[in-house]
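Undergrad: Listed here are the chains, written in short residue letters.
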Amino acid sequence: MDQLLEAFGIQLPLLLAQLVNFGVLFVALTYLLYKPVMKTLDERRTKVAQGVLDAEEAAQKLASADEEASTTVQTAEKEAEGIVATAREEAGSEKTRIVKEAEARAASVAADAEARAKETAEKSLRESEKEIARLAMLAAEKAMRKES
Amino acid sequence: MEKGIHVVLKAEQLGTFLGLPITNSLIMTWIVMAVLIGFALIFRSKLAMIPGKLQAGVEWLFESVLNYMTETLEDEKMARKFFPLIMTIFLFLLVANELAFLPGVGSIGITEHGEFLPFLRAPSADLNLTLALAIISFLTIEITGIVALGFYKYAGKYVNFSSPVNFVVGIIELLSNLGRLISFSFRLFGNIFAGEVMILVAGFFVAYLLPVPLMAFEVFVGFIQAVVFSMLTLFFIKLAIMDPHESH
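As given, the protein sequences belong to chains B and U, one line each in that order.
According to our numbering, the first sequence is numbered sequentially starting from 1.
According to our numbering, the second sequence is numbered sequentially starting from 149.
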């Protein structure tokens, strides 16, 4: 056995030294390399999971916002239609009112004009009757003077 | 070169420090540690939420290993607990095996008493390191088994008087468990050491070009051995925590 150990150069101090070496390396790498890297990996994993959740939430929010927007647009359209319709109606009634008024005014103007024309005619008739009477009287006077 | 091929089974001792023999493979081990810890320090300071290419690569490696471990152990908490050990074994052996191909490792040294002493030697080509790793792996496996199942239940896997067949099976299991110490350490040592010898021999006959495919293959072997060591540790942990009644 001793010969075997001697042939392979096995010495207890060397063996212990190598055990200690590996132990030191093990502890150093655990704290310097494995733990930080694993921490980073875990942190990133949670972050990615959070990101996915956030994206889902955002998509949901977007969908609901879309829906809201479309309903808003729909109601707005309906409302606008109503407004246009009432405006059109109002405009129609206003138009008929205006036309009616105008017609009425036109009629009154026409009637007025007719009345005035009639009056003028009557007046002139009366005047001409008076004139005729005066002329007739003058003629009669002339005739009477001639006879006397 | 005139002296022929000089193959040394054990790591050469360069000196002594406070009673600790300083071998060339021990120095190389420290270099590997420095490289890994230095990398970890720089890497940690550049760690960001939005990863660069290097960080993405390291993260990919860690995540795949952790996923594989979770699948094997069928328990994510357990996988996270053993991840540092498995990953350290893998990273350490990978860097140690691949750094050994740097020019200068094994070729720069001093000649003392007519013997060539290289300053650096692949850590895995020294049984002290591979045995140390095997001991760590072995202890982890056995302690995990005892913690997971309780001492009596775990011991019952190996010392079982319920029937003659179970008794023999238990003894065989016990021996194969102890044999892991040897198989773990000698598999790694043998592969890396044999690779070095093979490249040395090839370089002795034809110094140019011929060692290139062999070196390429040994780079691959170095990676595979790192994977094998860490994966076997993982599998044996899984075997240790399995309930004996389920496994039969």
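Keep in mind that a hint or two might mislead.
List time: in silico SDA-like cross-link candidates among lysine to any residue, alpha-carbon distance up to 20 Å [unchecked claim]: (1) B:Lys35 - U:Lys386; (2) U:Lys158 - B:Met1; (3) U:Lys201 - B:Tyr34; (4) B:Lys61 - U:Asn215; (5) U:Lys158 - B:Phe26; (6) U:Lys194 - U:Trp178; (7) U:Lys229 - B:Leu41; (8) B:Lys78 - U:Phe187; (9) U:Lys194 - U:Leu209; (10) U:Lys158 - B:Val27; (11) U:Lys225 - B:Tyr31; (12) U:Lys386 - U:Trp208; (13) B:Lys123 - U:Lys194; (14) U:Lys229 - B:Val27; (15) B:Lys39 - U:Trp178; (16) U:Lys225 - B:Leu4; (17) B:Lys47 - U:Leu195; (18) U:Lys158 - U:Phe187; (19) U:Lys225 - B:Val24; (20) U:Lys225 - B:Thr30; (21) B:Lys35 - B:Val24; (22) U:Lys158 - B:Leu4; (23) B:Lys35 - U:Met181; (24) B:Lys39 - U:Lys386; (25) B:Lys39 - U:Met226; (26) B:Lys39 - U:Met181; (27) B:Lys39 - U:Tyr216; (28) B:Lys35 - U:Lys158; (29) U:Lys229 - B:Ala102; (30) U:Lys201 - B:Arg44; (31) B:Lys35 - U:Phe165; (32) B:Lys61 - U:Val213; (33) U:Lys225 - B:Asn21; (34) B:Lys39 - U:Phe315; (35) U:Lys225 - B:Leu19; (36) B:Lys47 - U:Trp208; (37) U:Lys386 - U:Trp178; (38) U:Lys201 - U:Glu219; (39) B:Lys39 - U:Phe187; (40) B:Lys47 - U:Glu207.
No lab work stands behind these hints: they were computed from the structure.
Just so it is clear, the structure is predicted and the values come from calculations on it, not from any experiment.
Undergrad: Each hint: holds or not?
TA: Each hint tested on the structure:
Restraint check for Lys35 of chain B and Lys386 of chain U: not satisfied, since their Cα atoms lie roughly 23 Å apart, outside the 20 Å limit. At most 20 Å may separate the alpha-carbon atoms for a hinted pair to count; Lys158 of chain U and Met1 of chain B meet this at roughly 15 Å. Restraint check for Lys201 of chain U and Tyr34 of chain B: the C-alpha separation of about 18 Å stays at or below 20 Å, so the hint holds. A threshold of 20 Å between alpha carbons decides the hint, and for Lys61 of chain B with Asn215 of chain U the separation of about 36 Å lies outside it, so the pair is violated.
For a cut-off of 20 Å, the pair hint linking Lys158 of chain U to Phe26 of chain B is broken: about 25 Å separates their Cα positions. In summary, the hint linking Lys194 of chain U to Trp178 of chain U is not supported, as the alpha carbons are separated by about 24 Å, beyond the 20 Å threshold. For the given pair, Lys229 of chain U sits about 16 Å from Leu41 of chain B by alpha-carbon distance, which is consistent with the 20 Å threshold. Straight-line distance between C-alpha atoms of Lys78 of chain B and Phe187 of chain U comes to about 71 Å, which puts the hinted pair past the 20 Å bound.
As the CA atoms of Lys194 of chain U and Leu209 of chain U are separated by approximately 17 Å, the hinted pair is consistent with the 20 Å bound. At most 20 Å may separate the alpha-carbon atoms for a hinted pair to count; Lys158 of chain U and Val27 of chain B exceed this at roughly 28 Å. As the CA atoms of Lys225 of chain U and Tyr31 of chain B are separated by approximately 18 Å, the hinted pair is consistent with the 20 Å bound. Taking the CA atoms of Lys386 of chain U and Trp208 of chain U, the gap is near 23 Å; set against the 20 Å cutoff, the hint is violated.
Straight-line distance between C-alpha atoms of Lys123 of chain B and Lys194 of chain U comes to about 121 Å, which puts the hinted pair past the 20 Å bound. With a C-alpha separation of about 13 Å, the suggested pair Lys229 of chain U and Val27 of chain B falls inside the 20 Å cut-off, and the hint holds. Restraint check for Lys39 of chain B and Trp178 of chain U: the C-alpha separation of about 28 Å exceeds 20 Å, so the hint is violated. For a cut-off of 20 Å, the pair hint linking Lys225 of chain U to Leu4 of chain B is broken: about 42 Å separates their Cα positions.
For the hint pairing Lys47 of chain B with Leu195 of chain U, the CA-to-CA distance comes to about 16 Å; that is within 20 Å, so the pair holds. For a cut-off of 20 Å, the pair hint linking Lys158 of chain U to Phe187 of chain U is broken: about 30 Å separates their Cα positions. Of the supplied pair hints, the one linking Lys225 of chain U and Val24 of chain B is violated, its CA atoms being roughly 24 Å apart against a limit of 20 Å. This hinted pair checks out: Lys225 of chain U and Thr30 of chain B have alpha carbons roughly 16 Å apart, not beyond 20 Å.
Between Lys35 of chain B and Val24 of chain B, the direct Cα distance comes to roughly 16 Å. Compliance with the 20 Å bound is thereby established for this hinted pair. At roughly 11 Å between alpha-carbon atoms, Lys158 of chain U and Leu4 of chain B fall within 20 Å of each other, so this suggested pair holds. The straight-line distance between the Cα atoms of Lys35 of chain B and Met181 of chain U is roughly 18 Å, inside the 20 Å bound, and the hint therefore holds. Proposed proximity of Lys39 of chain B and Lys386 of chain U is contradicted: the alpha carbons are some 25 Å apart, above 20 Å.
Taken as a hint, the Lys39 of chain B and Met226 of chain U pair is honoured in the structure, with Cα atoms around 17 Å apart against an allowance of 20 Å. Of the pairs offered as hints, the one joining Lys39 of chain B and Met181 of chain U is violated, with about 23 Å between alpha carbons and a cut-off of 20 Å exceeded. Of the pairs offered as hints, the one joining Lys39 of chain B and Tyr216 of chain U holds, with about 19 Å between alpha carbons and a cut-off of 20 Å not exceeded. Of the supplied pair hints, the one linking Lys35 of chain B and Lys158 of chain U is violated, its CA atoms being roughly 37 Å apart against a limit of 20 Å.
Distance check on the hinted pair: Lys229 of chain U and Ala102 of chain B sit about 102 Å apart at the alpha-carbon level, beyond 20 Å; violated. Restraint check: the Cα-Cα separation between Lys201 of chain U and Arg44 of chain B comes to about 16 Å, which is no more than 20 Å; the hinted pair holds. The straight-line distance between the Cα atoms of Lys35 of chain B and Phe165 of chain U is roughly 34 Å, outside the 20 Å bound, and the hint therefore fails. A threshold of 20 Å between alpha carbons decides the hint, and for Lys61 of chain B with Val213 of chain U the separation of about 40 Å lies outside it, so the pair is violated.
Distance hint between Lys225 of chain U and Asn21 of chain B is unfulfilled; the C-alpha atoms sit about 27 Å from each other, more than 20 Å. About 47 Å separates the Cα atoms of Lys39 of chain B and Phe315 of chain U, which puts this hinted pair outside 20 Å; it is violated. Distance hint between Lys225 of chain U and Leu19 of chain B is unfulfilled; the C-alpha atoms sit about 26 Å from each other, more than 20 Å. Note on Lys47 of chain B and Trp208 of chain U: the hinted pairing holds, with a Cα-Cα distance of about 18 Å set against a maximum of 20 Å.
With a C-alpha separation of about 31 Å, the suggested pair Lys386 of chain U and Trp178 of chain U falls outside the 20 Å cut-off, and the hint is violated. Proposed proximity of Lys201 of chain U and Glu219 of chain U is contradicted: the alpha carbons are some 27 Å apart, above 20 Å. Taken as a hint, the Lys39 of chain B and Phe187 of chain U pair is honoured in the structure, with Cα atoms around 18 Å apart against an allowance of 20 Å. A hinted pair counts as satisfied when its Cα atoms are at most 20 Å apart, and Lys47 of chain B with Glu207 of chain U qualifies at roughly 16 Å.
Hint check: violations occur at hints 1, 4, 5, 6, 8, 10, 12, 13, 15, 16, 18, 19, 24, 26, 28, 29, 31, 32, 33, 34, 35, 37 and 38; the rest are consistent with the structure.
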